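A.B. asks: Take these sequences, add in the hints, and give me the full structure.
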Amino acid sequence: MLFTPNITLIGIDTPHQTDFIIDRPHGEGCFVLMCFSTPFFTRTLTGMEFGEPGDCLLHDPLFAQYHGTPEGQKEGFRNDWIHMEGTGIKELANQFGVPLNILIRTGEKHLLSAYFRAIESELAHKKPFWQQKIGILIQDVMCLIGRQHMMKIELEQYTPSEREFKQKFIEARATIHEQFAQDWTVERMANLVRLSAERFTVLYQTFFHTSPKEDLIARRLEESKVRLINSHDSIEKISLECGFNSIYYFSRIFKKRVGCPPGYYRNRTN
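Basically the working numbering = 1-based index in the sequence shown + 4.
Calculated from the structure, these hints are not laboratory results. Predicted, not measured: the structure shown is a model, and the values here were computed from it. Careful, some of the hints might be misleading.
[To be verified] Taking CB as the label site, the calculated pair distances span:
| hint | residue 1 | residue 2 | range |
| --- | --- | --- | --- |
| 1 | T189 | R167 | 22 to 28 Å |
| 2 | R121 | G101 | 24 to 30 Å |
| 3 | Y268 | E191 | 47 to 53 Å |
| 4 | Q171 | R261 | 25 to 31 Å |
| 5 | Q135 | L244 | 25 to 31 Å |
| 6 | L127 | R261 | 27 to 33 Å |
| 7 | N271 | Q136 | 37 to 43 Å |
| 8 | T50 | G76 | 21 to 27 Å |
| 9 | R261 | P29 | 56 to 62 Å |
| 10 | H129 | S165 | 49 to 55 Å |
| 11 | E160 | L196 | 41 to 47 Å |
[Claimed, not checked] Quick list of in silico lysine to any residue cross-link-like pairs, SDA-like style, CA-CA up to 20 Å:
| hint | residue 1 | residue 2 |
| --- | --- | --- |
| 12 | K94 | I108 |
| 13 | K259 | N271 |
| 14 | K260 | E226 |
| 15 | K172 | M155 |
| 16 | K172 | R198 |
| 17 | K172 | L159 |
| 18 | K94 | L148 |
| 19 | K217 | I257 |
| 20 | K229 | K172 |
| 21 | K217 | R261 |
| 22 | K78 | P57 |
| 23 | K131 | F7 |
| 24 | K78 | T22 |
| 25 | K217 | R198 |
| 26 | K217 | S255 |
| 27 | K94 | K78 |
| 28 | K217 | I251 |
| 29 | K241 | I221 |
| 30 | K94 | Q135 |
| 31 | K172 | L220 |
| 32 | K217 | K260 |
| 33 | K241 | R231 |
| 34 | K259 | T210 |
| 35 | K241 | K259 |
| 36 | K170 | K217 |
| 37 | K217 | R177 |
| 38 | K131 | C147 |
| 39 | K259 | I233 |
| 40 | K94 | T48 |
Cβ coordinates follow ideal geometry from the N, Cα and C atoms, glycine included.
C.D. replies: Put into structure tokens, the structure is as follows:
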């Protein structure tokens, strides 16, 4: 059965006066999800805190809400927010590791805007399956927030030097995966982030839990599997176009990693 929450209110980029304070000592009576695009102060499980643009909050129905604009700000706080009812909301938050009543730092002030606009559109037009679609969108939102939260926790476990390189490695890995057929040596990969091959390998293992070469081989094998079942190209042609210089090496490593030879894999799925 699909998750279908009841959306009672929704606001996108809502402005507030500088002296306006949300003060709900007994909670809202429903789950309230917010993403702020400006500085703000708020009450959380740990007490009063100052929030930053991109911070998200998921309040449970009974949590005492209290948030407003910090002193000295020329404009009042702005946020995207949604009020939700449904027995599955807490379970969904738990599933994706989204904590209740705690600031979740994302650094992306419009993180949820597009999702909330889509929900607003579903509420307005009520096309077939609109309730199910809203449920899917809320699941996507929870997944996104949970992912951002886990990535933040992961980042805090790195040393300052490792944190400095994390985004560069993500971009380098994306480049390598997009250009998987090229002749990538570890030295060439390391040049993308201007590090030695040895240091690059250590950090790559830290960030992605695999070596650069193993990761590249896995990417090439995934691409070869797609081409084997979606084209009539010869196995030799596919192996070369996926970056394997020898069909014998390709066949051997394919069988070792996938569990069967390339030809058998193609025939089995056709």
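A.B. asks: Against which earlier hints does the structure fall short, listed by number upward?
C.D. replies: The structure breaks hints 3, 5, 6, 11, 20, 27, 34, 38; every other hint is satisfied.
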